[in-house]
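Student: Below, each chain spelled out in residue letters.
Protein chains: 2
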Amino acid sequence: MSKFWNDKIKEIEPYVPGEQPKDKKYVKLNTNENPYSPSEKVVEKIKSMNLKDLKLYPDPDVSKLREVIADYFSKKISEKFTKEQIFVGNGSDEVLALIFMTFFNKGDKVYYPDITYSFYPVYADLFDLKEVKIPLNENFKIEINKYFGVDGHIIITNPNAPTSIALKLNEIEKIVKNNPTQLIVIDEAYVDFGAESSVKLVNKYDNVLVVQTFSKSRSFAGMRLGYAIGSENIIEGLNRLKFSFNSYTIDRISIEAGIESFKDDDYFVKTNTKIIETREKTVKKLKELGFKVLNSSANFIFISHNKVFAGDLYKNLKDNGVLVRYFAKDRIDNYLRVTIGTDEDMEIFIEKLNKLL
Amino acid sequence: MSKFWNDKIKEIEPYVPGEQPKDKKYVKLNTNENPYSPSEKVVEKIKSMNLKDLKLYPDPDVSKLREVIADYFSKKISEKFTKEQIFVGNGSDEVLALIFMTFFNKGDKVYYPDITYSFYPVYADLFDLKEVKIPLNENFKIEINKYFGVDGHIIITNPNAPTSIALKLNEIEKIVKNNPTQLIVIDEAYVDFGAESSVKLVNKYDNVLVVQTFSKSRSFAGMRLGYAIGSENIIEGLNRLKFSFNSYTIDRISIEAGIESFKDDDYFVKTNTKIIETREKTVKKLKELGFKVLNSSANFIFISHNKVFAGDLYKNLKDNGVLVRYFAKDRIDNYLRVTIGTDEDMEIFIEKLNKLL
Numbered sequence: 004m005s006k007f008w009n010d011k012i013k014e015i016e017p018y019v020p021g022e023q024p025k026d027k028k029y030v031k032l033n034t035n036e037n038p039y040s041p042s043e044k045v046v047e048k049i050k051s052m053n054l055k056d057l058k059l060y061p062d063p064d065v066s067k068l069r070e071v072i073a074d075y076f077s078k079k080i081s082e083k084f085t086k087e088q089i090f091v092g093n094g095s096d097e098v099l100a101l102i103f104m105t106f107f108n109k110g111d112k113v114y115y116p117d118i119t120y121s122f123y124p125v126y127a128d129l130f131d132l133k134e135v136k137i138p139l140n141e142n143f144k145i146e147i148n149k150y151f152g153v154d155g156h157i158i159i160t161n162p163n164a165p166t167s168i169a170l171k172l173n174e175i176e177k178i179v180k181n182n183p184t185q186l187i188v189i190d191e192a193y194v195d196f197g198a199e200s201s202v203k204l205v206n207k208y209d210n211v212l213v214v215q216t217f218s219k220s221r222s223f224a225g226m227r228l229g230y231a232i233g234s235e236n237i238i239e240g241l242n243r244l245k246f247s248f249n250s251y252t253i254d255r256i257s258i259e260a261g262i263e264s265f266k267d268d269d270y271f272v273k274t275n276t277k278i279i280e281t282r283e284k285t286v287k288k289l290k291e292l293g294f295k296v297l298n299s300s301a302n303f304i305f306i307s308h309n310k311v312f313a314g315d316l317y318k319n320l321k322d323n324g325v326l327v328r329y330f331a332k333d334r335i336d337n338y339l340r341v342t343i344g345t346d347e348d349m350e351i352f353i354e355k356l357n358k359l360l
Numbered sequence: 004m005s006k007f008w009n010d011k012i013k014e015i016e017p018y019v020p021g022e023q024p025k026d027k028k029y030v031k032l033n034t035n036e037n038p039y040s041p042s043e044k045v046v047e048k049i050k051s052m053n054l055k056d057l058k059l060y061p062d063p064d065v066s067k068l069r070e071v072i073a074d075y076f077s078k079k080i081s082e083k084f085t086k087e088q089i090f091v092g093n094g095s096d097e098v099l100a101l102i103f104m105t106f107f108n109k110g111d112k113v114y115y116p117d118i119t120y121s122f123y124p125v126y127a128d129l130f131d132l133k134e135v136k137i138p139l140n141e142n143f144k145i146e147i148n149k150y151f152g153v154d155g156h157i158i159i160t161n162p163n164a165p166t167s168i169a170l171k172l173n174e175i176e177k178i179v180k181n182n183p184t185q186l187i188v189i190d191e192a193y194v195d196f197g198a199e200s201s202v203k204l205v206n207k208y209d210n211v212l213v214v215q216t217f218s219k220s221r222s223f224a225g226m227r228l229g230y231a232i233g234s235e236n237i238i239e240g241l242n243r244l245k246f247s248f249n250s251y252t253i254d255r256i257s258i259e260a261g262i263e264s265f266k267d268d269d270y271f272v273k274t275n276t277k278i279i280e281t282r283e284k285t286v287k288k289l290k291e292l293g294f295k296v297l298n299s300s301a302n303f304i305f306i307s308h309n310k311v312f313a314g315d316l317y318k319n320l321k322d323n324g325v326l327v328r329y330f331a332k333d334r335i336d337n338y339l340r341v342t343i344g345t346d347e348d349m350e351i352f353i354e355k356l357n358k359l360l
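For the protein sequence lines, the chains are A and B, in the order given.
Counting in the working numbering, the first sequence runs from 4 upward without gaps.
Counting in the working numbering, the second sequence runs from 4 upward without gaps.
Fair warning: there could be bad hints in the mix.
If several chains are the same, the list does not tell them apart, and a pair holds so long as it fits within one copy or across any two.
Pairs of lysine to any residue, SDA-like flavour, derived with a Cα cap of 20 Å [claimed, not checked]:
1. K11 <-> K44
2. K50 <-> E263
3. K180 <-> N148
4. K177 <-> G21
5. K207 <-> Y75
Read the hints as simulated data drawn from the structure, not as lab findings.
None of these values were measured; they are calculated from a predicted model.
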């Protein structure tokens, strides 16, 4: 504590990222990283860049990368997206923080599930918002009708974390339609592993803002890139904030690497498909071991065993060289969140479980 | 404008970075970039990194880079600095923004010169602070006694921008001593080009926070790295905010490149010395051409001619392929800020001036 900290810093409880222990080599299934490296084309691009140009500022508008992302979605969805509809940030957490600062006034209500990404309550506190947590139902599903006609902003992770369960596009659309004057933020960090993207709603409704990240499906956790897709007016607001906060957030290497990642769509599809296959094989084996496994559309699964307490299993797995994530929180303290690694990673995980159960 | 923007985004005037025109190749003396590339060792490090690891999150604590910076200053100043005294951010603008969010409460007063880095008024507006602008004297110098015993936070760029004039260490120390209960932020973006660093005050006074950047003296504008040095308590506050805003701000490549930059001190000293030499040669020639040149301790100079209006000169130089920075603002609208490039850059600049005057 320092007398110079302001009132907020004195009371805030910061977010706690997944542990990154350095004591030994773990099978690391705790921070939802992609087990596959970035595309070889990305690696080659970085190695062949003229790094002498690092003496010069990057393009503060990040125009080229925004254009590539806009073109990608234009093709994918067969609708026109412009670069003015894309905002790029230093990881999707930065994009989320800037969204809270751009669209929410102090004292506003912000609605999200009681069980969801644990950074939202931190943002709500940091920016003096009134959080309204809407309980997931007994099956950990979002009940969409509870979000209809609310008197505040809405942020929904889809698929939700750490539950892994996705809403369908028409369910999200109902929430959007039933709150025409409220901004609906859809955080799609895990969408590429089996859920439907709400990018399809962006040109149809003016109150949808979709956030995606390079950290999971693009194997780029170590690079820090995230983006938001919305109407040009909404994105302009984010840029107004960015240029009032930090003009040059994306460095030259990240810009070029990000462009290359979007260009190599084959690799992107191949690795995501592989992760989904590994997930389904893993789920099958876990069910045979007596686990309850929620229906995952993500690169992680959320599991519980009726005989062994999740907190104990977490510790025993760690002692055996396998890191998973455990949240000692209401309703989910008997669950583990397990990232889907390679087939080999998951075989080791199952093998350790076999011993520990 | 969008109905979803909050009150602040509707009214704020964002910062305007120096122009980066792409229409033709300019001698670019407008954004205070370093004319020399980063050290070859930095370039080699990036090329030899295992980029496959980009699939994994970087260390959110940025421990290794913070240690290297702490060790560097421990040696340079012959005093012990710990990594807990170093905060690393995504460029020094991000560090500054986070400082405003960590130490200043809404409604607080914040003091800075009437002519200084034009991002401070944007931050003051963004975070609802009361700015108190203290006029520089008629020679564009900071009058330190005007900062004694003030009822608010103080932020001083040293050397100041765009004036290029530095305060001496004992002058800064007097401001620090005369405000023991206020945090004094010293923004040293340009300190390595001839000013004395206030890092020497950090272990002596608990109310000093020094900000430096890789963008200028470390030839890393394209990479985005900045840092703050202060007491462990003060830095802990910044980390509390960081982990409430964006946990992973520094990517894996930036961390390794930043470490390598601090290791190659010979190159750092050599390029900075060269820029200072080029500056002094340029100043001499400009004075011969009838320019008034403020006494620079930076990698830029602030110049005015009694016969030709600075705004016209800016335009004519641009038409002739030389970009400098012009601020159409009170008191400085007959001045140009000119970055020091290579000897060759400055010869072209002088040659064009010779034609235009």
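Student: Check K177 against G21 for me: Cα-Cα at most 20 Å, and say if that holds within a copy, between copies, both or neither.
Tutor: Cα proximity of K177 and G21: none, with 34 Å in one copy and 45 Å across.
Student: As a check of your reading, is K207 near Y75 (CA-CA no more than 20 Å) within one copy, between copies, both or neither?
Tutor: within (18 Å within a copy, 55 Å between copies)
Student: How would you classify K11 and K44 at a CA-CA limit of 20 Å: within, between, both, or neither?
Tutor: Neither way: K11 and K44 sit 44 Å apart in one copy and 42 Å across, limit 20 Å.
Student: Reference check for the pair K180 and N148, CA-CA at most 20 Å: within, between, both, or neither?
Tutor: For K180 and N148, the Cα distance is within 20 Å only inside one copy (11 Å; across copies 60 Å).
Student: My question is about K50 and E263: at a cut-off of 20 Å on alpha-carbon distance, are they close within one copy, between copies, both, or neither?
Tutor: both (12 Å within a copy, 17 Å between copies)
Of the numbered hints given earlier, the model fails hints 1 and 4; all others are met.
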